[in-house]
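Line order of the protein sequences matches chains A and B. Going by my numbering, the first sequence opens with residue 1, and the numbers climb by one from there. Going by my numbering, the second sequence opens with residue 1, and the numbers climb by one from there.
Derived from the structure by calculation, the hints contain no laboratory data. Don't take each hint at face value.
[As the list claims (entries may be wrong)] For the chain B half of the interface with chain A, some residues (derived, Cβ under 7 Å), not all of them: (1) Tyr-13; (2) Leu-50; (3) Leu-52; (4) Asn-53; (5) Pro-54; (6) Tyr-73; (7) Gln-97.
Cβ atoms here follow ideal geometry from the backbone N, Cα and C, with glycine treated the same way.
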Amino acid sequence: MAGFSDKLEYLSYPFVQYALIVGVLVALCSSLLGVTLVLKRFSFIGDGLSHVAFGAMAIAAVLKMTNDMPLVMIITVLSAVLLLRTGQNAKIKGDAAIAMISVSALAVGYLLMNIFSKSSNLSGDVCTTLFGSTSILTLSKAEVALCIILSVLVVITFVFFYNKIFAVTFDENFARATGVNAGAYNLLIAIVVAVIIVLAMNLVGSLLITALVIFPALSAMRVFKSFRSVTICSAVFSVACALLGILISVFAGTPVGSTIVAADIIAFAIFALTGALKRGK
Amino acid sequence: MALLSCSNLSIGYEGKEVIGGLSFEVCEGDYLCIVGENGSGKSTLMKTILGLNPPLGGSIEFGDGLRQTEIGYLPQQTDVQRDFPALVSEIVISGCQNKLGLRPFYSKEDKARAKAMIDKLGLTALEKRCYREMSGGQQQRALLARALCAAEKIILLDEPVSGLDPIVTAEMYELIESLNKNDGITVIMISHDIDAAMKYANKILHIGKHVFFGTADEYRNTQGAFASREGGEA
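Please work from the sequences and hints to get the whole structure.
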């Protein structure tokens, strides 16, 4: 038992507390938007944008910027807007456009890091960015504060525009016909998603971000029937899995990002089973 | 005065004209059916009237204080909607969006209106049912209730009976007729079913190679001039 109480002591360290705070907030925000993205068939936008963020981080590293957050944020938001534009013009279809931007950013990012990086452990650096890492355990107070502010903004925006988001998600044409500026709300959704992606990079890394977006929504949809209950359930689901994942990874020494996603997968299986049983009755 | 009058209207996508020179009028209490071949521009016309597509030329005017956002629209179902987790009540009240403006939440009046429309269309027992678990006819009624929430005087229906079985189709037509006759709601409907169009509508707009606008009786008399019936439309 001595080993266990030693590990419990971890929870009193500020860096563990920071990780928990940021993890919960990022999970909450990504799950709120996840419902809309999954229903609008935009599940992969998170994946594409996270690769763009990876490319942007590589550029920031090449430019030797000490604080890469602003640059990464700007580039990711611009890409999100661009992706939604192409989705509407449909010269290159939405999913193809996402795939294109996603792999390009990944390739160019890795290329830049390879050519310019002086780091002795390049593959380690790349692996860290792709799969998340200890970076969530090395957050500074300022980063935690920024994360809290942005998360609060995301939640307020979501609650305030909840009815509009529902209308635009369910039926964009009808919403536009009743005078809702659907284009503006799509833009808003894209920007908020980009912000969440950049925040979530620290938590699970750019390859696993999609899991934070889609698992809560998909799981909630197995069991619940109204838009409101699906939204609330996916928020609770996401926060619970993130908490569980971070705690397990602290105690067992596993990678944070993959542990959270593993928790998501198991919870999804439970929800899918529950849903099947409910319908079977 | 006409509720809606289009003169020399030209419609299309991204600057490419699908059809031009459309002139017609819809008065209060009218039941107008828009018929024509696939790809003749029926849905585009409807989207142009709703302001979703800019007209390429000509004019659309609304009379009697009707505003463009107060038209009840029943669009064709999309893939997204088929497995959408939402209650009937959530969907119906989203028709009150045009009354929200910058308010974020629905008012008591909005909720009462949505409830009244649910009751009117016989959806009371289904109010808390999930949209994706309902039959096609029930889904169409839910979307019609939503359109009525948005509409004061006029509804636009884009193929409201497509994919429904004959019994449900007949019920749907009767429901629309009763809205038109008993509630005085003006109806504009896109239809492939010319027989039903002539049975229920008082005006017909046929678009395609030949354009016709007039009463259902006139249309019946000039039917020989239109190849559509023999053209595999039936």
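Item checked: Closest C-beta approach of B:Leu-50 to chain A relative to 7 Å, hint status -> It holds, given that the least Cβ distance between B:Leu-50 and chain A is near 4 Å, below 7 Å.
Next item on the list: Using Cβ atoms only, decide whether B:Pro-54 comes closer than 7 Å to chain A, and label the hint accordingly.
Entry: violated (12 Å)
Checklist line | Status of the hint placing B:Tyr-13 at chain A (closest C-beta pair under 7 Å) | finding: Cβ of B:Tyr-13 sits 11 Å from chain A, so the hint is violated.
Notebook entry, point to check: Measuring from the C-beta of B:Asn-53 to each C-beta in chain A, is the shortest one below 7 Å?
Noted result: Violated. Min distance 10 Å.
Notebook entry, point to check: Does B:Leu-52 pass the interface check with chain A, least Cβ-Cβ distance below 7 Å?
Noted result: Since chain A brings a Cβ to about 5 Å from B:Leu-52, closer than 7 Å, the hint holds.
Checklist line | Restraint satisfaction for B:Gln-97 [CB to CB of chain A, less than 7 Å] | finding: holds (4 Å)
Item checked: chain A contact restraint for B:Tyr-73 - C-beta distance below 7 Å -> Holds, because the Cβ-Cβ distance from B:Tyr-73 to chain A comes to roughly 4 Å (cut-off 7 Å).
Taken one by one, the earlier hints fail for this structure at numbers 1, 4, 5, listed in ascending order.
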